[in-house]
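Q: Chains as they are written, first to last, in the UniProt record's numbering: chain A, 1 to 405; chain B, 1 to 405.
Careful: at least some of the hints might be erroneous.
Pairs involving identical chains hold if they fit within one copy or between any two copies, as the list cannot separate such chains.
To be verified - Keeping only pairs whose Cα atoms sit at most 25 Å apart, straight-line, the calculated SDA-like set for lysine to any residue is:
#1 Lys197 - Met228
#2 Lys306 - Gly243
#3 Lys232 - Phe212
#4 Lys232 - Ala374
#5 Lys210 - Gln276
#6 Lys197 - Gln161
#7 Lys69 - Arg111
#8 Lys232 - Asp150
#9 Lys197 - Arg309
Keep in mind the hints are simulated off the structure, nothing from the lab.
The residues making up each chain are set out below.
2 protein chains.
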Amino acid sequence: MATVSVSEIIEQVSRFTSMKEEITRLVYEQSWVDAQRYIGTLGAKLGMNVAVDEMGTAILSVRGSSEEKSAITIGSHIDSVINAGKYDGVYGVAAGIVAVSELVRQYGQPRKNIQVLSFSEEEGSRFPMNFSGSRFVINQVPENMDELKDNQGITFSEAKQHAVSQLHETLSKGQAYEVENFTEIHIEQGPVLENQKKQIGIVTGIVAQKRFSITVNGQGNHAGTTPMSMRKDALKQAMVLIGRLEEIAQEIGEPLVFTVGEMHVFPNVSNVIPSQVVFSIDIRHMDMNVLQLFEDRMLAQIRQQKQDRLMEILVDCWLDEPAEKTNPELSALLDQICKEKNISSHVMSSGAGHDTQIMNLVAPTALLFVPSRAGISHSPLEYTSAEDLNTGKDVLKEFIYRLAY
Amino acid sequence: MATVSVSEIIEQVSRFTSMKEEITRLVYEQSWVDAQRYIGTLGAKLGMNVAVDEMGTAILSVRGSSEEKSAITIGSHIDSVINAGKYDGVYGVAAGIVAVSELVRQYGQPRKNIQVLSFSEEEGSRFPMNFSGSRFVINQVPENMDELKDNQGITFSEAKQHAVSQLHETLSKGQAYEVENFTEIHIEQGPVLENQKKQIGIVTGIVAQKRFSITVNGQGNHAGTTPMSMRKDALKQAMVLIGRLEEIAQEIGEPLVFTVGEMHVFPNVSNVIPSQVVFSIDIRHMDMNVLQLFEDRMLAQIRQQKQDRLMEILVDCWLDEPAEKTNPELSALLDQICKEKNISSHVMSSGAGHDTQIMNLVAPTALLFVPSRAGISHSPLEYTSAEDLNTGKDVLKEFIYRLAY
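Chain A with its partners taken away, still in its complex shape (with noise of 0.2 Å):
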């Protein structure tokens, strides 16, 4: 049986890319369809029972001696984001497949089924929709998945059909074990392992999640012949907003994030008061209570400032996504391997979405995050050093072990 190393998988995937000086690696191109053979290569190679389902989901599986329906399961995506770092997702699947097949080299055949699933999806990068990899699994697709278009025009249902037929000329079509629990490791994607001098993040949730859209009305005028005090500014009555909401969530304290991430100024000229702005507002905490208490507050500003200025204060929400918490038995046990391998751990909730939300809708989880370098993702700056990945990989297959054998 062949061996392989966590690093080496990450670097052979990350050749597989769309574009020349960069990495881009969107679900179903040509790129991607070379990284999951690869993988699935890679696992028959390494004596696993190797499946394509029909989303374009590599399964690679050990079949443990108890004949139970259900797996261990492991997993993370394949695809990326445009302009990638080498690490996100790809390195779930990586320690994946290197600790089972090195648990079934050390200790032979599990008691319980091990799957590990790289899955076709998860950014969203392509097409308008994410997860659909782990969304196929738990049999919850969107209904109108099919025909959802890339900018190119090119429907879902296509460019699957073109890349996953391709995936089944040399590996087998098969479907996921039923899931007994779910567990995937994840770069941090954010500074807090690297600033805190930890090896691993137990993540006991990933949060809740809120954004808006504010539309401010001023009264676009001339910037020389309209007196201070006789102006409707819009950008002026924004920046009072921001600063004030900037102040509410300082109020409510960390671990809440609160971002202005995008603005827009209308008509954004230098010599003209601006008549409209609209920003973004990005809200996230595992409690939508404390979401909640943000938002209520938002609201009282903005009714005051309305009233203050006379200006038309306007408050979209356009995501509202429930915190989804991961199984504290799981994590317990992550931490206890942790502690007995004397390996420093921080618990934690993401940030981020993973696939393991979407696990999490019908089965027990655990997730696991090792350190990013200055917390910077979706960068080809992405970085996580060989002694952090394998030690991410040691504590998956401590994990695994004490699961499946």
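Given chain A, work out where chain B should sit, using these hints.
A: Then chain B, alone, in the frame of chain A:
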């Protein structure tokens, strides 16, 4: 000799537009040719001498009995911004023509030469240069003027040639008289006269103006995974800076105007912390020392923020125009005329640029305003009542009478 009212001329010129459903009359477009030909033809019908200079400025003049070389000069411009109102520029040309033709009808030949200049261009809405009509009259055009291109790639020289040659088919070539003094009447383009319930603004000068581009460099990061305390949020820093600049502007007080009209956020995505924000600052005041005071305090604030947050903040001053003061004696005469006629007037500065500031480089000038409804200009909503238009014309007429008869 025919008669015509100011409102009739304005209505007629407003029909010369390049865009259906809106008034857009950029220099040297066909609509501009038609408008300037109309002005020239109207002058001839009213018994004035008409010539068109190389730039396409129409010169409508009446020879005085004293045989001097110079002329009492009235003027404004015939070109418009994109999607303009009817009054900006055109009013000054119309009021000049009506005032002079009424004077000649009532009092016969003046002692001094009088000329009304319908300048070819002031707005700078087609080529990257403004005031080309008045600059040519004072013999101070930029060296590279002929090579400047519009956004279709047409050079200033080509466009001018094509348009002005059409005018010269029916109107004589000629040059303006030397300018003894220059008077312009214009809509205010601001809310002060309406607000103060005054019929006439007597303008003592055009403000000094500085414009800056400020760049704040922070660090882009994931909005979900980066704790608030570990962020370098460029937008947040920009907000703090702008908030403080608002305070500085208030401390200095009116008539200083301070405007942030333009803002660009990068990467401008709702779930990414802004890595860079670029915004404009526009400050204006009659006293350059006041602008310097604002700038000094701004730079001190920026130095402090750079130290506090270890962020890069870059300042680029890309426009620095001195104030232009109109002639106190001419203003005093205007004031006296208003008092005698029981017309309410307000002494003020202009926050917008006008041909007067160019003519002021070579001759004494006077500048008069009439009210703009709600201060709106550069918009189809631009409006001044026929009554206010006529009051302005009457003051201008009396003023020319005192100077030229």
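Q: Each of the hints needs a verdict: does it hold here or not?
A: Outcome of the hint check:
For the homomeric pair lysine 197 and methionine 228, the shortest alpha-carbon distance between copies (18 Å) is at most 25 Å, but the shortest distance inside one copy (51 Å) is not. In this homomeric assembly, lysine 306 and glycine 243 come within 25 Å of each other (Cα to Cα) both inside a single copy, at 16 Å, and across copies, at 19 Å. Within a single copy, lysine 232 and phenylalanine 212 get their C-alpha atoms as close as 23 Å, and across copies as close as 22 Å, so both meet the 25 Å cut-off. For the homomeric pair lysine 232 and alanine 374, the shortest alpha-carbon distance between copies (12 Å) is at most 25 Å, but the shortest distance inside one copy (41 Å) is not.
Taking CA atoms no more than 25 Å apart as the test, lysine 210 paired with glutamine 276 passes in both settings, with 23 Å inside one copy and 24 Å between copies. Taking identical chains as interchangeable, the C-alpha atoms of lysine 197 and glutamine 161 are never at most 25 Å apart, the minima being 45 Å within one chain and 72 Å between chains. For a Cα distance limit of 25 Å, the shortest separation of lysine 69 from arginine 111 inside one copy, 12 Å, qualifies, whereas the shortest one across copies, 111 Å, does not. In the homo-oligomer, the alpha carbons of lysine 232 and aspartate 150 never lie at most 25 Å apart, since the shortest distance is 40 Å inside one protomer and 33 Å across protomers.
Proximity of lysine 197 to arginine 309 under the C-alpha cut-off of 25 Å is restricted to the inter-copy arrangement: shortest distance 23 Å between copies versus 48 Å within a copy.
The structure is inconsistent with the numbered hints 6 and 8, although it conforms to all the rest.
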